[in-house]
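*Asks:* Fit chain G to the known structure of chain Y by using the hints.
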Amino acid sequence: MSARLEVELNSSVPVYEQIRAQVAAHVASGSLAPGDRLPPIRTLASDLGLAPGTVARAFRELEAAGVVVTRRRTGTVVADHAQVPELKVRRAAERYVAEARAAGLSDEAALDLVRGALLAPT
Amino acid sequence: MQPSMFVVAVTIGIIAVVVATTGGLAAAAVQLTKRRLPAGSQGSEPDVLAARARQHDRTITALAWWWLPVGSVAGAVVSGIYQGWAFNQDGMIDGQPLGSDLGRDIVGWIGDGTLGLVLAPLVIGTGFLAIHSVGERTWPRPTGSTRHAVLEPRSVRALVGPALPAWGTALVGALLAVLFAGAIAADPRDSTGIVVDSCGQGCVAGNGMWPGAFYGVALLVALAALGTLTGLVLRAIARRPAVAGTTQADDVTLRQTATRRVLGVVQLVVGLTLAAALMSMGDGLWLKGRPGQEWIDAVAYEVPSNDAVATLGVGVMLLGIVVLLASLATMVRSIRPTSLRTRKAWIVMLACGLLAALGAAAWLMAQGNSVEPDPTSVVPSTSDSSPAVEATP
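Which chain is which? The protein sequence lines are Y and G, in order.
Numbering (this note's numbering) for the first sequence: 388 to 509.
Numbering (this note's numbering) for the second sequence: 124 to 516.
Only chain Y is shown next, with the shape it has when bound in the complex (with noise of 0.2 Å):
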């Protein structure tokens, strides 16, 4: 299955970073394999409905922070150095992810409890 991105223009995350966000976990989660393509950045910004600049903008920060990278002929892919976990943390994150929607937690309850664990100390 394709990744998808969703987002939100009344959020008050700005939508280049809710780009960014969901591309970069999309690669951390193995949706998007090292050398996969990204669409264009105008036929990404057609089918959001945004400017062009918006998707740009995104596709700039991913690429300083190697996630992706542009070439001139194949366009925008995942880098081969993008870094990826390994397999048995991406599996507990989806077990995580599955118990949390078992229980009837939100998505925004279940990333609180991960952003609360990670603020405890070690």
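Honestly, the hints are just simulated from the structure, not real lab data.
Nothing here was measured: the structure is a model prediction, and the numbers come from that model.
Each hint should be verified, as a subset may be incorrect.
Each pair of labels, with its calculated beta carbon distance range [what the hints assert, rightly or not]:
| id | chain 1 | residue 1 | chain 2 | residue 2 | range |
| --- | --- | --- | --- | --- | --- |
| 1 | G | Thr292 | Y | Glu404 | 41 to 51 Å |
| 2 | Y | Ala504 | G | Thr269 | 27 to 37 Å |
| 3 | Y | Ala452 | G | Glu275 | 13 to 23 Å |
| 4 | Y | Asp494 | G | Glu275 | 16 to 26 Å |
Pulled a few chain Y residues facing chain G out of the computed Cβ check, cut under 7 Å [said to hold, decoys possible]:
| id | residue |
| --- | --- |
| 5 | Val394 |
| 6 | Ile428 |
| 7 | Leu431 |
| 8 | Leu435 |
Built from N, CA and C at the ideal position, the CB exists for glycine as well.
*Replies:* For chain G alone, kept in the frame of chain Y given last:
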């Protein structure tokens, strides 16, 4: 009123009628294909967006299909009027020219009107693509506060598939080969390929439809325009926003349907042009193989005259018929009319096309019969339905 003014006025009037008719048909098509949204706009947002996108697609499709018969009829009528007028401009009766200096200049520049007929399929196909181009560029943009997209590039190549481009490329290659061969075989003394033999004062030669440089250059320009517009439309189809509320598979299917529709018509108009070029070349070769055909002797100057050439001409004409039938079959296959509603629309469309063709043929015959050349001064062409013209010494 001067004849040239009359022709301009009639042509403008016909164009105005065609534009009004096309607009009216488009409006009627929109009304006929419109399906009301459930309870106005009270459906969910994706439903409303999807309905808008499908409505837009139906409108553009209906308008583009209507253009094919309407454009054909308009082209035939304008060409028929022009041919009748051009004959009067170029003809000579009792040594006196029938037309004005301006009229003869126009006829000298664009010929007797057969060029319009030769270009008609490609021009009508270009109009079809232009309508689709406008439709793709005005495709409904996403609205609402939540937007979705798939992180996967869409390429034209993935939508097109291998079969139709291969067939289309073969047609274009064959057309280029025929035009090249026609230009090589034509009389090198005359770059137009129409008026043919410098046989002195008073000698009369016919004009004909040998696919030489006169038609070939214009066809190449029209072919280039068609190819460029095809690429732009296919790219626009690949890049347009996805229809809201549909799955990715359905979205790909919608794009593939639009792509096949466009390529089906493009290969049809190229196939029609190739078939016409083959049939005119075959007709010329067949005539060349028989003695006493002054017109084709001069046009196909480099071609020898013997029975083998005549047989080859028959074979080339048959090949043209095969290309014509294959292009029609490919178009029908490419659009795959599955629903009863679509089949009914196709039957109506074909009936309209048949009526249009019969009407155009009747009109052209009436034009041809309206001015009878004086047999004492003008020798009609022995091989072509086009009116004979006096050769320039």
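*Asks:* Look at each hint and say if it fits the structure.
*Replies:* Hints, verified against the model:
One distance hint, 41 to 51 Å for the beta-carbon pair threonine 292 of chain G and glutamate 404 of chain Y, holds here, with the actual separation near 46 Å. The given range of 27 to 37 Å is respected by alanine 504 of chain Y and threonine 269 of chain G, whose C-beta atoms sit roughly 29 Å from each other. Evaluation of the 13 to 23 Å hint for alanine 452 of chain Y and glutamate 275 of chain G yields a pass: the beta carbon distance comes to about 21 Å. Range check, aspartate 494 of chain Y to glutamate 275 of chain G: about 23 Å between beta-carbon atoms, so the 16 to 26 Å window is met.
A distance limit of 7 Å between C-beta atoms decides the matter here; for valine 394 of chain Y the minimum to chain G is near 5 Å, and the interface restraint holds. Because the closest C-beta pair between isoleucine 428 of chain Y and chain G is about 11 Å apart, greater than 7 Å, the hint is violated. Given hint, leucine 431 of chain Y at the interface with chain G, holds; its Cβ is 6 Å from that chain's nearest Cβ, closer than 7 Å. Look at leucine 435 of chain Y: its Cβ gets to within about 4 Å of chain G, closer than 7 Å, so that hint holds up.
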